[in-house]
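Produce the complete structure using the sequences and hints provided.
So in numbering that gives the first Met the number 0 the end of the sequence shown lands on 117, straight run, no missing numbers.
Please keep in mind that the hints were generated in silico from the structure rather than gathered at the bench. Note that the structure is a prediction, hence the values are computed from the model and not measured. Note that CB positions come from ideal geometry on N, CA and C, so glycine has one too. Hints should not be assumed to be uniformly reliable.
Pairs of lysine-lysine, BS3-like flavour, derived with a Cα cap of 30 Å [claimed, not checked]: (1) K23 / K69; (2) K90 / K20; (3) K102 / K87; (4) K69 / K87; (5) K34 / K87; (6) K34 / K20; (7) K93 / K40; (8) K34 / K90; (9) K23 / K34; (10) K34 / K97; (11) K69 / K40; (12) K97 / K23; (13) K40 / K23; (14) K93 / K69; (15) K97 / K69; (16) K90 / K102; (17) K20 / K102; (18) K20 / K40; (19) K87 / K97; (20) K40 / K87; (21) K87 / K20; (22) K23 / K90; (23) K90 / K69; (24) K69 / K34; (25) K97 / K20; (26) K69 / K102.
Taking CB as the label site, the calculated pair distances span [to be verified]: (27) P95 / D26: 32 to 42 Å; (28) S17 / S50: 30 to 40 Å; (29) K20 / K102: 15 to 25 Å; (30) K97 / D71: 31 to 41 Å; (31) K97 / S64: 14 to 24 Å; (32) F94 / K20: 28 to 38 Å; (33) S17 / P95: 33 to 43 Å; (34) P95 / R18: 17 to 27 Å.
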Amino acid sequence: MLKSEKLLRIVKRIRLMSRFKVAKTSDIPPGQLHKVSVEQKEIVVVNIDGSFFAMDDTCTHAGASISDGKLDGSTVTCDWHGAQFDCKTGKLEKFPAKINDLKSYQVIIESDDVFVEV
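The structure is reproduced here in structure tokens:
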């Protein structure tokens, strides 16, 4: 493979998944929901007992901000109509009607920095 082809493949892979620093670990205490904007996306970062998770901040039912919801363990409940999502996976746990899961994102911790891959 030519060097230029190899470089092009690497650049394409980097473009597919980019890492963004969104906070310090100390900015998001355990049991907290923290809203951030990354690449024109609203994302909520959650600290569950020292483990960090990220997912879309917009409820798939009516567009409410998930970060305004209530966190109980690893489940967040949307304030508007009570949809419940698993913060670790973005999966819908409970709602009277079928709505979509939330997209989840990889979180990386380096030192005290919190990064989200989008």
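Are any of the numbered hints broken by this structure? If so, which, sorted upward? The structure conflicts with hints 12, 25, 28, 30, 34, although it agrees with all the remaining ones.
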